[in-house]
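**Student:** Protein chains in written order, with this note's numbering: chain H, 482 to 741; chain D, 2 to 174; chain U, 2 to 174.
Hints are not guaranteed to be accurate.
Unchecked claim - With a straight-line cut-off of 25 Å between C-alpha atoms, the simulated PhoX-like cross-links for lysine-lysine are: (1) D/K55 / D/K44; (2) U/K55 / D/K44; (3) D/K154 / D/K135; (4) H/K737 / D/K140; (5) U/K39 / D/K81.
As the list claims (entries may be wrong) - Okay, the calculated bits of chain D under chain H, using three or more residues with CB under 8 Å as the criterion: (6) 12-18; (7) 63-70; (8) 94-106; (9) 125-139.
Said to hold, decoys possible - DEER-style ranges, computed between Cβ atoms: (10) U/S38 / D/K43: 37 to 45 Å; (11) U/K140 / H/I582: 34 to 42 Å; (12) D/Q162 / U/D166: 24 to 32 Å; (13) U/E33 / D/Q20: 27 to 35 Å; (14) H/N689 / D/N7: 41 to 49 Å; (15) H/N728 / D/K153: 29 to 37 Å; (16) H/I549 / U/E141: 34 to 42 Å.
Since the hints were made in silico from the structure, they are not lab data.
All C-beta atoms in this analysis are idealised placements derived from N, C-alpha and C, irrespective of residue type, glycine included.
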Amino acid sequence: MREEINFNVKVNGVEISEIPEDLFIPPDALRVIIEEFEGPLDLLLYLIKKQNIDIVDIQILPITNQYIEYINLMKQMQFDLASDYLVMAATLAEIKSKMLIPSDNEDEDEEDPRADLIRRLMEYQKYKDLSQKIDEVPRINRDTFIAAGILNNIEKKTVLPKLDIQQLENAFIDVLRRAEINATHNINVEVLSVRERMTQILDLVRCNENIKFTDCFNITEGKMGVVVTFLAILELVKESIIDILQNDTFSNIYLKVKDE
Amino acid sequence: MSKITNLEKIIESALLVSQTPLSLQDIANLFEDDKPSKNQIKKSIEDLNNSYSKRSFEIAQVASGYRIQVKIGYEKWLSKLEKHNTTRYSKAFLETLVIIAYRQPVTRGDIEDIRGVSVNPQIIRNMVEFEWIKVVGHKETPGRPELLATTKKFLDYFNMQSIKDLPRIDNNE
Amino acid sequence: MSKITNLEKIIESALLVSQTPLSLQDIANLFEDDKPSKNQIKKSIEDLNNSYSKRSFEIAQVASGYRIQVKIGYEKWLSKLEKHNTTRYSKAFLETLVIIAYRQPVTRGDIEDIRGVSVNPQIIRNMVEFEWIKVVGHKETPGRPELLATTKKFLDYFNMQSIKDLPRIDNNE
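Please build the complete structure, drawing on both the sequences and the hints.
**Tutor:** See below:
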């Protein structure tokens with residue numbers, strides 16, 4: 482769909498749009514089309530393209546009418562219409578009125594009211610073309626790949642940059658502030674120990690193909706430890722990470738990694 | 002030097018860029034049709050290694066497969082390389098790390114949801130390299146995303162016994 | 002194939018294992034005594050590249066230095082190695098990126114003027130996260146908006162040495 486809308490506007494070519502000529506297209510189809518546009522300039526370029534004319538020859542009257550019809554349709558369909566579209570509608574209407582009202586001023590130097598719009602359209606068109614070109618530039622991990630050789634068998638000693646717990650805490654506060662997810666705010670001792678236990682049980686389940694439910698518990702941890710383990714198992718099941726199996730009533734319960 | 006075949010070149014490029022050793026099966030899986038046999042692959046690796054006789058690297062066989070590594074004798078020069086990777090930790094690194102620590106086990110998607118930006122794969126790779134995090138499983142949702150969790154080494158680094166020792170933030174903050 | 006010198010082998014091994022591209026200075030710094038000159042290093046890299054003519058890889062020069070990478074043409078096989086690597090960028094992302102690249106330093110306002118829509122903060126955050134762009138200053142206008150510019154990492158990613166290597170628009174188009 483994208484490519485169809487994206488043809489080069491400048492050419493007086495013969496490419497034919499796949500998009501229906503009349504505006505009375507099914508609302509769902511219009512929604513798809515509108516979502517393909519990057520904004521009012523993109524939509525305008527498309528409308529100009531449909532007329533098969535050069536940007537500099539833009540005919541303001543039909544373009545404005547078409548544009549406003551689109552906007553009205555979008556409003557009727559209660560699209561979450563970005564204000565940018567309305568600003569453009571106002572700009573077009575202003576240009577249109579300037580073109581219609583004969584100027585009292587005989588001054589020949591007076592600028593074509595369309596000039597600014599044409600400049601913007603051409604500028605935008607330029608970057609639109611460039612963005613397609615840069616997409617074709619060979620890039621890492623798509624067209625070429627970087628060597629990841631390693632230094633023979635000798636254990637590579639990684640020197641870690643220094644990091645202290647205070648920095649971690651600050652980072653965490655930043656994350657909380659950014660996310661503003663209430664659930665994340667409630668990280669307390671209990672939740673943390675459950676998360677950690679989830680990791681430990683996952684390790685256990687992965688190393689032993691079928692592990693007995695009862696083997697996950699360490700009685701010496703006391704009541705609190707058992708509860709934490711139990712909550713961790715429930716959480717793992719809820720997050721679709723492990724399965725709980727029991728072949729017969731009262732037989733052993735096993736935990737295993739969920740199958741594909 | 003004898004002619005290098007196409008098969009050899011593909012094997013060479015794959016071993017060169019792979020972050021982990023590749024088994025014969027991994028290498029065979031790169032091909033869709035015209036899958037080479039394991040013997041063909043073994044023979045190619047042998048031929049490649051012969052062609053590397055005068056080079057600084059070779060294909061070595063390790064437990065999980067084959068990988069390209071530098072031959073013995075270059076440590077003196079290369080040991081200086083490591084140092085300049087050890088700059089400071091970026092904000093993105095720290096935030097990703099704390100999310101993994103506090104919310105483990107988490108997927109990249111979870112991290113993205115919380116931070117609102119995509120996860121830089123290089124950051125995850127660095128943490129795995131530091132052995133601060135590891136993959137502990139896969140979530141059974143579409144795509145089977147990896148589940149990441151912190152390791153004992155991570156706790157050791159911060160002198161913690163358990164994740165419970167991580168700083169806590171007051172709820173009313 | 003002519004004989005490969007010791008200097009060439011050390012450069013080859015260093016480029017092979019380094020996580021980041023190496024500048025001529027980085028390479029010279031590997032040596033303590035007998036430091037080779039930059040011209041010697043350049044010449045060695047050239048000779049190495051000639052010796053790779055029949056191989057799957059080459060030494061490429063990008064903005065932050067030299068690196069070993071696989072030649073174009075192996076995507077078909079190598080794309081199977083790492084699942085998450087086939088990132089596609091949205092139109093909005095690419096348009097924002099080229100405006101920053103070609104018009105740098107620019108403010109968000111400049112980008113909005115050209116594209117006619119407000120800048121998605123998510124996109125900017127992602128670019129900063131990838132270290133493709135950075136804030137290089139503030140414009141001395143009301144609100145002191147940030148001035149954005151691309152980084153060497155951005156050029157490295159697209160195999161470019163400088164902004165001059167960006168694709169051009171034909172004037173006669």
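**Student:** Sort out whether D/K44 lies within 25 Å of U/K55, counting only the CA atoms.
**Tutor:** holds (19 Å)
**Student:** For H/K737 and D/K140, compute the direct alpha-carbon distance and say whether it is at most 25 Å.
**Tutor:** holds (13 Å)
**Student:** Take the C-beta atom of D/Q162 and the C-beta atom of U/D166, compute their distance, and say whether it sits inside 24 to 32 Å.
**Tutor:** violated (53 Å)
**Student:** Three or more residues of the segment 125-139 of chain D near chain H by CB distance under 8 Å?
**Tutor:** n = 5 at 8 Å, threshold three: holds.
**Student:** Under the criterion that the straight-line Cα-Cα distance not exceed 25 Å, is the pair D/K154, D/K135 satisfied?
**Tutor:** Holds, at about 11 Å.
**Student:** Take the segment 63-70 of chain D, compare each residue's beta carbon with every beta carbon of chain H, and decide whether three or more fall closer than 8 Å.
**Tutor:** holds (count 4)
**Student:** Within 25 Å, alpha carbon to alpha carbon, are U/K39 and D/K81?
**Tutor:** Cα-Cα ~18 Å, so holds.
**Student:** Has the hinted range 27 to 35 Å been met by the Cβ atoms of U/E33 and D/Q20?
**Tutor:** Given about 31 Å between the Cβ atoms, the range holds.
**Student:** Within 41 to 49 Å: is that where the Cβ-Cβ distance between H/N689 and D/N7 falls?
**Tutor:** holds (44 Å)
**Student:** Under a C-beta cut-off of less than 8 Å, do 3 or more residues of the segment 12-18 of chain D approach chain H closely enough to confirm the stated coverage?
**Tutor:** holds (count 3)
**Student:** Go ahead and decide if the range 34 to 42 Å is satisfied by the Cβ distance of H/I549 to U/E141.
**Tutor:** Since H/I549 and U/E141 have Cβ atoms about 39 Å apart, the given range 34 to 42 Å holds.
**Student:** At the C-beta level, are H/N728 and D/K153 separated by a distance inside 29 to 37 Å?
**Tutor:** At roughly 35 Å between Cβ atoms, D/K153 and H/N728 fall inside 29 to 37 Å, so the hint holds.
Hint 12 alone, counting from the list given before, is not met by this structure.
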